[in-house]
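S.K.: Sequence:
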Amino acid sequence: MQSSKPNQIQFLFLVGAPRSANSAIHSLLDNHPKILNWPSEFHFFTVFKQVSKGEQFAKVTKLNQQFISHFKERFEERISRNTLSITKSNYKSGSHIGPFDVTLFEDLLSRKQDSQMTSLEYLNYFFKCYQESNSQYRNKEIDYYSMLCTARGFDWSNRELFENSKLIFPYRNPLESYSSLRHNYLESISPNEFYDIRTEKGAVYWMRTYQQISNVIKHNKNHPNLYITSVRSFRQDQESQTSKLCEFLNINKTESTEHMTILGIPYGGNARQESLNTGRISDKPSILSNSVTNFEIDCFRRLNLYEFDSTHTHSQASPKFTILLAFVASFWELKNNLSGLTKSSGKFRLVHWRIKVLIQLFKISHLIRSNKLLNYDSNLDVL
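Quick note: the numbering used here has the sequence shown finishing at residue 383, numbered continuously throughout.
Since the hints were derived computationally from the structure, they do not count as laboratory data. Treat the hints with care, since some could be wrong.
[What the hints assert, rightly or not] With a cut-off of at most 16 Å between alpha-carbon atoms, the simulated EDC-like pairs for lysine to aspartate or glutamate come out as follows:
{"hint": "1", "residue 1": "59", "residue 2": "101"}
{"hint": "2", "residue 1": "166", "residue 2": "155"}
{"hint": "3", "residue 1": "363", "residue 2": "258"}
{"hint": "4", "residue 1": "356", "residue 2": "106"}
{"hint": "5", "residue 1": "59", "residue 2": "121"}
{"hint": "6", "residue 1": "218", "residue 2": "309"}
{"hint": "7", "residue 1": "49", "residue 2": "155"}
{"hint": "8", "residue 1": "140", "residue 2": "155"}
{"hint": "9", "residue 1": "53", "residue 2": "155"}
{"hint": "10", "residue 1": "128", "residue 2": "155"}
{"hint": "11", "residue 1": "49", "residue 2": "77"}
{"hint": "12", "residue 1": "128", "residue 2": "107"}
{"hint": "13", "residue 1": "218", "residue 2": "239"}
{"hint": "14", "residue 1": "218", "residue 2": "307"}
{"hint": "15", "residue 1": "166", "residue 2": "247"}
{"hint": "16", "residue 1": "221", "residue 2": "101"}
{"hint": "17", "residue 1": "72", "residue 2": "101"}
{"hint": "18", "residue 1": "49", "residue 2": "107"}
{"hint": "19", "residue 1": "221", "residue 2": "107"}
[To be verified] With beta-carbon atoms standing in for the labels, derived distance ranges:
{"hint": "20", "residue 1": "254", "residue 2": "374", "range": "41 to 47 Å"}
{"hint": "21", "residue 1": "33", "residue 2": "74", "range": "24 to 30 Å"}
{"hint": "22", "residue 1": "374", "residue 2": "10", "range": "48 to 54 Å"}
{"hint": "23", "residue 1": "237", "residue 2": "188", "range": "34 to 40 Å"}
{"hint": "24", "residue 1": "319", "residue 2": "121", "range": "48 to 54 Å"}
{"hint": "25", "residue 1": "98", "residue 2": "371", "range": "47 to 53 Å"}
{"hint": "26", "residue 1": "243", "residue 2": "59", "range": "51 to 57 Å"}
{"hint": "27", "residue 1": "366", "residue 2": "98", "range": "47 to 53 Å"}
{"hint": "28", "residue 1": "220", "residue 2": "128", "range": "42 to 48 Å"}
{"hint": "29", "residue 1": "370", "residue 2": "220", "range": "45 to 51 Å"}
As the structure is a computational prediction, the values presented were derived from the model and not from experiment. Cβ atoms here follow ideal geometry from the backbone N, Cα and C, with glycine treated the same way.
Generate the whole structure from the sequences, applying the supplied hints.
M.R.: Written out as structure tokens, the structure is:
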């Protein structure tokens, strides 16, 4: 389908939950002639709010410093980890990355360094500089400026932004998504730290995040500018789901949408299992060496998250049964399933360490059962 608005550039945001094929879908759109993709994930509006300290305007100089620093730190890591093996050693963040002239981009951004801008003004300016420094899209008519910011990095309170943008929300079962995140964190911190309700990005943070994402997407699910697509459906039939996505965006499906790339560089994927990173959305999730406990499964049931793939509602366990699940998790499931965890988890086999985790699980259960999870003052970012 041919775009009917060749001169009106809209913003396009990938706003899915973590570990929900955001990067994969973003990379399918990477080389499309009508979409200019910012090449790495960035929580744009969260960072803008931090720089502006909650004010409407922020200094361009400080914004430039934050965004360029983030790009240089994150992009090379993404390229080295997620591109196909034949290209992993060939690309480094330098003056040029494929068609992207990084030096020119920095120079263009710095030309208004004495200015102050709103988030939308700066985002427009940011993408215009990016388009001018990208030889593939320079002086070309495009329909979208696209950024992967995830649900946590989007400004859901800005209705003007929402009304004038297109949003893609890839939906994955929240427990699957959480399991993948949990697997990653437990490779670097101990179970005691992960389940501590004070941990910056521990179990409570992520349960709270999924509850917030569920609420905001449920509230906006019928908005014509929000496209909800199932990761499960993409696994079953990537071609037809890509066609539906292009129809939503009112653009032609091209050969570029059949291949996952980053700045034209072949992209394998972001699956935990390296064998699944083949340049297509894998038809199955990664096998995790450390699975979630039955206590965590029960917690997600009690969060009552909106299920886009199902109308099934979960029955909630009694408080006594939840206490039993906490005991089993602390003294059996975690103790006997330390595979893939950080080395410091070895001491978790000691009884007093497991008692500490049990206490934290009781606290988590109380926050959820008393509906205090969203109100819990953890000094963390919220949607």
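S.K.: Going back to the hint list, which numbers does this structure go against?
M.R.: 1, 3, 4, 8, 10, 11, 13, 16, 18, 19, 22, 26, 28 and 29
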